[in-house]
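Start counting the sequence shown at 967; every next residue gets the next number (the working numbering).
Please keep in mind that the hints were generated in silico from the structure rather than gathered at the bench. One should not assume that every hint holds.
Cut-off 27 Å, straight-line C-alpha distance, at most; resulting in silico cross-link-like pairs (DSS-like, lysine-lysine) [said to hold, decoys possible]:
1) Lys1074 to Lys1038
2) Lys1055 to Lys1082
3) Lys1096 to Lys1018
4) Lys1018 to Lys1082
5) Lys1018 to Lys1092
6) Lys1101 to Lys1074
7) Lys1126 to Lys1074
8) Lys1004 to Lys1074
9) Lys1038 to Lys1082
10) Lys1082 to Lys1096
11) Lys1082 to Lys1092
12) Lys1095 to Lys1119
13) Lys1055 to Lys1038
14) Lys1126 to Lys1082
15) Lys1038 to Lys1004
16) Lys1092 to Lys1074
17) Lys1101 to Lys1038
18) Lys1119 to Lys1101
19) Lys1018 to Lys1038
Between beta-carbon pairs, the in silico distance windows are [what the hints assert, rightly or not]:
20) Gly1006 to Ile1093: 25 to 31 Å
21) Lys1092 to Asn1114: 49 to 55 Å
22) Lys1004 to Leu1094: 55 to 61 Å
Beta carbons: idealized from backbone N, C-alpha and C, even for Gly.
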Amino acid sequence: MQLPRELYFIIINCRGYENLKRYIREILCHEDIVNAVKEGLNILIVSADRDKNPSLSIRGLLSSIQLNVIEKDYQELLVNINNEEILVKIVEQGLSEGTMELEDDIEKLAVQQQPKISEAIEILEKILKKRFNSKQKVGIFEAIMVNNDGLPKLISGLLKEASHQELLDKFSKYIEILFKLN
967 MQLPRELYFI
977 IINCRGYENL
987 KRYIREILCH
997 EDIVNAVKEG
1007 LNILIVSADR
1017 DKNPSLSIRG
1027 LLSSIQLNVI
1037 EKDYQELLVN
1047 INNEEILVKI
1057 VEQGLSEGTM
1067 ELEDDIEKLA
1077 VQQQPKISEA
1087 IEILEKILKK
1097 RFNSKQKVGI
1107 FEAIMVNNDG
1117 LPKLISGLLK
1127 EASHQELLDK
1137 FSKYIEILFK
1147 LN
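Construct all of the structure, not just a fragment, from the sequences and the given hints.
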């Protein structure tokens, strides 16, 4: 069976940044990677929190496993593996003015969908005379909305309730990056 010429491999949420780097290393050092690239796997998309500086960190990882890397731009690296090329596209999640983690984006969506919980958080901040960061606020949303059943359940619930336009507004930068690949 002939595979399509463009195949994407996307790595998101690996239970920690060290696991993410381990998965990248395992994929790019796997004995069958050259065959996979020959069969059409030509783009590896990596999504990581901005606070970990994934673009720089992944460059260091690729260098440590002695792969030939050509930088296309800050978030695109062309990696040569035994004369086969794979594009590594790095998507940095989180806002530069927030915690620089995924929680920044989740908080924006949760605030829009649950303004009463957002107001309660603001009142709590005033009472405690303390400003919560996005991660702390998302923890409160998670506790109230999904009874501490975890961030994936909160995200799933928010996405189910979000309108198409809300999702486009909140995640347009990620969608734009993916569409640029085509």
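Status of each hint after checking the structure:
A distance of roughly 31 Å separates the Cα atoms of lysine 1074 and lysine 1038; the hinted pair therefore is violated under the 27 Å criterion. Restraint check for lysine 1055 and lysine 1082: the C-alpha separation of about 38 Å exceeds 27 Å, so the hint is violated. Restraint check for lysine 1096 and lysine 1018: the C-alpha separation of about 25 Å stays at or below 27 Å, so the hint holds. Taking the CA atoms of lysine 1018 and lysine 1082, the gap is near 32 Å; set against the 27 Å cutoff, the hint is violated.
This hinted pair does not check out: lysine 1018 and lysine 1092 have alpha carbons roughly 31 Å apart, beyond 27 Å. The suggested pairing of lysine 1101 with lysine 1074 holds, with an alpha-carbon distance near 12 Å, which does not exceed 27 Å. For the suggested pair lysine 1126 and lysine 1074, the alpha carbons sit about 15 Å apart, so the restraint of at most 27 Å is met. For the hint linking lysine 1004 to lysine 1074, the alpha-carbon distance of about 41 Å lies beyond 27 Å, and the restraint is violated.
For the proposed pair lysine 1038 and lysine 1082, the alpha carbon gap of about 45 Å is over 27 Å, so the pair is violated. Between lysine 1082 and lysine 1096 the CA atoms are separated by roughly 19 Å; this keeps the pair inside 27 Å, and the hint holds. Under the criterion of a C-alpha separation no larger than 27 Å, the hint pairing lysine 1082 with lysine 1092 is consistent with the structure, at around 15 Å. As the CA atoms of lysine 1095 and lysine 1119 are separated by approximately 30 Å, the hinted pair breaks the 27 Å bound.
Between lysine 1055 and lysine 1038 the alpha-carbon distance is near 10 Å, which keeps this suggested pair within the 27 Å criterion. Straight-line distance between C-alpha atoms of lysine 1126 and lysine 1082 comes to about 19 Å, which keeps the hinted pair within the 27 Å bound. With a CA separation close to 21 Å, the supplied pair lysine 1038 and lysine 1004 stays within the 27 Å bound. Of the pairs offered as hints, the one joining lysine 1092 and lysine 1074 holds, with about 20 Å between alpha carbons and a cut-off of 27 Å not exceeded.
Of the supplied pair hints, the one linking lysine 1101 and lysine 1038 is violated, its CA atoms being roughly 33 Å apart against a limit of 27 Å. For the hint linking lysine 1119 to lysine 1101, the alpha-carbon distance of about 15 Å falls within 27 Å, and the restraint holds. Taking the CA atoms of lysine 1018 and lysine 1038, the gap is about 21 Å. The hint holds against a cut of 27 Å. A C-beta distance of roughly 57 Å is found between glycine 1006 and isoleucine 1093, which places it outside the suggested range of 25 to 31 Å.
At about 24 Å, the beta-carbon gap between lysine 1092 and asparagine 1114 misses the expected band of 49 to 55 Å. As the Cβ distance of lysine 1004 to leucine 1094 is approximately 58 Å, the hint placing it in 55 to 61 Å holds.
Violated hints, listed in ascending order, are 1, 2, 4, 5, 8, 9, 12, 17, 20, 21; each of the other numbered hints is respected by the structure.
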